[in-house]
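Colleague: Put together the whole structure using the sequences plus the hints.
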Amino acid sequence: MDRRKFLRFTAGGTVGAAAVSAVYMAPFHKEPQKGPQRVEIPTTCEMCVNKCSVIAVVENGIIHKLNPNPANPRSRSMVCARGNAGLQQVYDPARLKRPLIRAGARGEGKWKPATWDEAFDFAAQKLTAIKEKYGPQATIWSSTESFQETFFKSLGLAFGSPNVERHPTLCLASVNLAYSLTFGTVPAFDLANAKYIIMSGANRLESFITPDTMDLIESAMEKKARLVYLDPRFTVTASKADEWYPIKPGTDAAFILAMINVITAENRYDKEFVSTYTVGFEQLAEYVKPFTPEWAEVETEIKAKDIVRIAREFSDAAPRAVYYAGRRSSWYRDDFQMRRAQAILNAIVGSWDRQGGMVPNQKIALGEVSYLPWDDPTAPRIEDMDKNFPLAAKGDGAYLKMRENVLAGVPYPVKGWMVHKQDPMNALPEQAKTLRVIDQMDFIGVIDVQMSDTAWYADVIFPESTYLERQDPVEVLSGMVPVVVYRQAAIKPLHDTKTTLEISQGLAKRLNLSQYFDYTIDQWIDAEVKELPLEAPLDYLKKHGVWVPPGGPKYGSTLTLEHRFITKSGKIELYSERLQEAGYDPLPKYTTPLQPPSGQYRLILGRRAYFTQANTTNNPWLNQFCPDNQLWIHPNSARDAGIADSELVEVASTVGAVKLKAHVTQEIRPDCVFMLHGYGKKSKWQRLVAGKGGADAEILETAWDKVSGGGAFHETFVKVRKA
Amino acid sequence: MSGTRKNAIKSIITALVVCLVAIAALAATTTKGNEGKGKFYYKQDCKQCHVKGAPGGELTPLSKTQAQWKAFFAKGKHPGDNQPLLKVKDMDEEKLNDIYTFLYNHAVDSPQPETCGK
Amino acid sequence: MAKASKRYALVIDSRKCLNCKACVVACRAENNVPLEFSRNWLNVELRGEYPRLLAISEPEQCHHCADPACVRVCPTGASFQRADGIVAINATECVGCRYCMIACPYNARFFRQDIGVVEKCDLCRKRVDRGEVPACVETCPSKVRVFGDINNPDSQVSQLLSRRQYRVKKPEAGTSPQIYYLL
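Residue numbers (my numbering), protein chains in the order written: chain W, 1 to 723; chain S, 1001 to 1118; chain L, 2001 to 2183.
These are computed hints drawn from the structure, not numbers from a lab.
It cannot be assumed that every hint is accurate.
What the hints assert, rightly or not - As a list, the in silico DSBU-like pairs of lysine-lysine whose alpha-carbon atoms are at most 30 Å apart: (1) L:2143 - W:543; (2) W:394 - S:1047; (3) S:1006 - W:568; (4) W:530 - S:1070; (5) S:1043 - W:509; (6) S:1047 - W:571; (7) W:543 - L:2126; (8) W:112 - W:684; (9) W:153 - W:433; (10) S:1070 - W:568; (11) S:1064 - W:387; (12) S:1064 - W:554; (13) W:509 - W:543; (14) W:363 - S:1043; (15) S:1070 - W:554; (16) W:568 - S:1047; (17) S:1064 - W:659; (18) W:571 - S:1064; (19) W:509 - W:112.
Modeller: Here it is as structure tokens:
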């Protein structure tokens, strides 16, 4: 089918359709922007982390629809529910429209509108006061990923604070670290060409419709690959898998170690690959001897004969066999060990840099605006990464350990908190602690597009332009096929909002840090695209929204005798000396997880296809699919607790209690309960979810993965009773 | 002063000088420099000669192991023309140390766990 | 009945449906559908006994019947069928009598109180006329819906129908629905 031309002008609809459109869209904007009747603008979605390419259809200055952009081989011709609902972010009547300065007490919801000068002056004055009294390290700069995050991060570092906290410490820090320590890099998974795929709780067909989803659909759903799925919950992926095992929570590492046991004992590993490219196999083979399938059956509640069969099938299918790494936050304090076990399993069957296996990412080099950066902060990070998490990615920090230290005032006080795009009130467990941190702060500044729960408690709010109103830096999505994606504004900002670069520049001016922001976004982009092998790269990107380098996926570039893996030994490390030297287990350690005491349940988390974390539940086009989160509970457990379906229940942990309705269902193990994220909000501007349902953040207990410091979210046991 | 005492003092002074020189040499190879600045200086001062096709040949942090970088900076010279690194453009001790820190921290066997985004 | 030169139809492989709601939101955006209605929907069902469970998710919308009862009963001619098979409603001619809603075997239509007319899926006819496919078809991650001309033997829909077994819903209603569900 012939694809449309971009930036094409077409005649608009009938009078009737326009009238209906006006009736429907009227509440969402003050007056239509003037513009051509119909224009298509390629850009990049920001409704989640996947950065799919979309084409904004703008009619008479109003964004009418976001269509897929098939030029992007990653997102292909797909826009998920969240992507389609993106234009609601723009036309949300309750979005942030101008800077606000708190007028009442924190959390009271009283605001006075401010000019940008007033907001910048106020924030700079507060930050400077903190710097003078306590030092610049007394400020935290926390962010979640975005194309403009780099400017916010630079501002924090230039200010002199070492405490830049980034989202991987609440996300896949343990995956990143486990695979980095094993392979020297975190690879992509060639799901489209794999023949045998095992996923532990990675609900790829539901949580985040991603390019990996597209690949999995191609292989597993079209019956070209076998999918084995382990999850205490019957998710969409469970429903489509060839085999679903409601594995006992926390025992995935036992399953994997037993697989390694079978594969090594039965000589099913790739001998040539192991001897050429890895170190530590002898130690591994000896180490896994006790982890028999019979032992694992007791741990996992998966039959030994199935474990044996799966191990055999997996190794037979290798190298087109992968145990998928997963993409989400840690579950347990020893999450890292499980991810290490996965990496090792994949390595010994030789599923590396081959079609259908794990494939190292290709990158595309972008240029940079070159400037002499700031001096290193003089104070150490507050959570002392060198001492507590010596192997973790230092630049990301360890969020929950940071919070503990902030509350304890050690090793130094923290009095200021700047937040970019993140909602720590919901992103962090044990909300009561986050509220105590808020109480301790002399100053809180938040950059966001909507009144999040964290913004609700801020002293000043800097409203950011939405992704559909913004020109962003160019980004590279590294992968088996790397692509350059472009984000340009579909419409001019509707309200008095700015970009994060402009906000950083406004603050930098008043903090005497302008020399680090002495460029426009256009100059930044010009420097980025200069290195691209294109005639007129910017014209190309504006027109197409995405650039795909020719060549396609490359397999085998690391499978040469000269190649040196970025590890201590230069090889793939099944046995890791680096871990050992740092005082950790050089081979994956398994600890039988604690089980909930009788009458309690383990609280597990997960996603729906139409929500992204906590920040989309108030989007009316998405909220309608689940206006109220519910507690999933197995019928046997419900009966034991005396609870009926749809009854209001109280769910209590050691740190909090929330009330929400019960959803009695067989789709979950009897020893677990489940709830969705992003409800029970405090921000009254999020009318659809304010006070509705329960906030998991209130009842989750604080726990983190020991090696990476990443937040662990499945360690909470709860009591459930009629409310 | 007696001859032996003079000699003793001479030896002590020599030893001290040797120590100071050694310390100076060591100072050029600490890893406590500013790697952000080191990257900037590397691009500004070193990269012209160290890209593909240029006289020095392509060189990135990944070109050497940490031990190799350490040895290279301890020697303090370019092997090709024997020119001391400190004589390159407007180099000084601090800049050189920053460059060394950047290269050392991103060497091919350095612990540099990957993360999402920048 | 004279054979139309084109007949558009949908072939749906529900087995691939993830119940992700992308099609519902895409339709809402494309056709300015108010929040309380939907031109398309997903029939969702859970079967079995733990741990042997089966989840079914089946997309549905107007079936653009070859013999549409809704068109037959419409007193004003607002409901009409195009030569290519698409059944549509001319909003300016609809008086809101809702006889069509009673006639439709699939409950595909809804009444817009705010503007006094009946509405339903029209296979995004403006997109189709531009050479594009309906929004629900285009946006789907697993390409559950295939759209095309079943009078063209080379079209993907025709190929699927010749190779695979399929069923239609409520054939007994006699309207000759044009959504084919692959088995």
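Colleague: Hint by hint, which ones does this structure get wrong, listed from lowest number up?
Modeller: As far as the earlier hints go, 3, 4, 13, 15, 17 are violated by this structure, in ascending order.
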